[in-house]
Amino acid sequence: MVNNNSIKIESMFLVQIFILLILNTMIRTQYEVLKNIGELSIYLSFVFMLLMLIKSFIVRETYNSSLKMIYWSIALMMIINSLSFITTNKVDSLYYCQLMLLYLFILGLIRVKWSTRHIKLLGYISGLTLILLFAHWILSDFSVHRFKSIFRNPNYLAVLLFCLFYFKVLIVKYSNRIEKIYFISLIGMNFVLIYATNTRSVLIAFGVILISWLFSKYYRKLFHYIFYVTIAFNILFLFIYIKIQNTAIGLFLDNLSIQLLGKSLYSGRSELWDRIINKIIENPLFGYGLGTNARDITDTTLTSHNQYLQVLIETGIIGLILFIFLLYAIWLLLIKNLDNYVSRISACFFIGILVYENFELTLFQNNYSIAMLQWVIILIGINFNEKNNSQMGG
Numbered sequence: 141m142v143n144n145n146s147i148k149i150e151s152m153f154l155v156q157i158f159i160l161l162i163l164n165t166m167i168r169t170q171y172e173v174l175k176n177i178g179e180l181s182i183y184l185s186f187v188f189m190l191l192m193l194i195k196s197f198i199v200r201e202t203y204n205s206s207l208k209m210i211y212w213s214i215a216l217m218m219i220i221n222s223l224s225f226i227t228t229n230k231v232d233s234l235y236y237c238q239l240m241l242l243y244l245f246i247l248g249l250i251r252v253k254w255s256t257r258h259i260k261l262l263g264y265i266s267g268l269t270l271i272l273l274f275a276h277w278i279l280s281d282f283s284v285h286r287f288k289s290i291f292r293n294p295n296y297l298a299v300l301l302f303c304l305f306y307f308k309v310l311i312v313k314y315s316n317r318i319e320k321i322y323f324i325s326l327i328g329m330n331f332v333l334i335y336a337t338n339t340r341s342v343l344i345a346f347g348v349i350l351i352s353w354l355f356s357k358y359y360r361k362l363f364h365y366i367f368y369v370t371i372a373f374n375i376l377f378l379f380i381y382i383k384i385q386n387t388a389i390g391l392f393l394d395n396l397s398i399q400l401l402g403k404s405l406y407s408g409r410s411e412l413w414d415r416i417i418n419k420i421i422e423n424p425l426f427g428y429g430l431g432t433n434a435r436d437i438t439d440t441t442l443t444s445h446n447q448y449l450q451v452l453i454e455t456g457i458i459g460l461i462l463f464i465f466l467l468y469a470i471w472l473l474l475i476k477n478l479d480n481y482v483s484r485i486s487a488c489f490f491i492g493i494l495v496y497e498n499f500e501l502t503l504f505q506n507n508y509s510i511a512m513l514q515w516v517i518i519l520i521g522i523n524f525n526e527k528n529n530s531q532m533g534g
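Using our numbering, read the sequence shown as starting at 141 and increasing by one per residue.
Simulated from the structure, these hints should not be mistaken for lab results. Just so it is clear, CB atoms sit at the ideal spot from N, CA and C, and this is done for glycine as well. Treat each hint with caution, since some may be false.
[To be verified] Calculated lysine to any residue pairs in the SDA-like style (CA-CA distance at most 25 Å, straight line):
1. K476 / K175
2. K175 / I219
3. K357 / L244
4. K195 / K175
[As the list claims (entries may be wrong)] Label pairs and their in silico Cβ distance ranges:
5. L191 / L442: 19 to 29 Å
6. Q156 / K313: 20 to 30 Å
7. Q399 / Y358: 27 to 37 Å
8. R317 / L376: 21 to 31 Å
9. L234 / R435: 26 to 36 Å
10. K195 / I421: 22 to 32 Å
11. L234 / Y359: 42 to 52 Å
12. I421 / L442: 50 to 60 Å
13. E179 / L393: 18 to 28 Å
14. K357 / N386: 15 to 25 Å
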């Protein structure tokens, strides 16, 4: 009885955290009162997960050696960012503490033992959020041009919808017939809203997820290598994208993008990235310090719009290597459990998110509200088990 009560309490704790993760997105709305709610919610999300993390270390019964590499990778990321903070002094202590709390949030997620109970609860919460957004779209006269709802930017709404989509895909697997109809309908609504935002990067991520899923289903041995191909592609993409802009191939791809997506492939990123890379070359090993943005080292007013470039700007090649090491440690844990539906979906979304990061900054301190949702998506697959009866371990 005590154990069952403990499970219920911890399940409710996770639900509260997920509700906070939805409220976190209010920080990117157009309204000041909602922004304040979002900011408070982000702090509460950190605190709640920190409490769960502490509890997991107190009550754990055994040490899970399979998590050793990911523990080391997180520790090294925290160390390199701490050294960067101390030696460059580019940001204040609050900025630094928030980033450290994000790493602890990631560590907490790794130690959660997810069950079908959690999947269903998260599916219903994300479904309710989608219904509210869809209702607002209807009230906005079915806008199909850069719809952004209450948010400041349609790209933000698109990546939020991308995250919500994941939970509805999961719950379909564990639903009865009526629930399946309901959630499949929500999936359709999800795609309609994404189309209305006119956001290419999310559509590209979905394309990558679909290809990854096909490989995981029909070419399992090849799927194991898709992470390495993706990382290599992401690094090469930066240089190829810049170099081919004015070539025949670049013009062909640009015209194809305009025909299929209604937007040019080149929207100023190539010039921005070229300037950033030239500055990175001047200080390649350790970067310019934690919190440094593209606008701090170039004449632009924009962000780098690329997570890998941003890591290079802040912590240099050393930081990028440690970041890739963290991603690699996660990948090894995901592919160990590919026979599990949730793990396979997480692995496919992981690859899609890595490609998406070629165009945005959503995994770390540049966007905490989306970062936390994306880390949930990536890490659920590590410790998911349909027969799990406890929530934390390892």
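Looking at the structure, which of the earlier hints fail to hold?
1, 2, 3, 4, 5, 8, 9, 10, 12, 13 and 14
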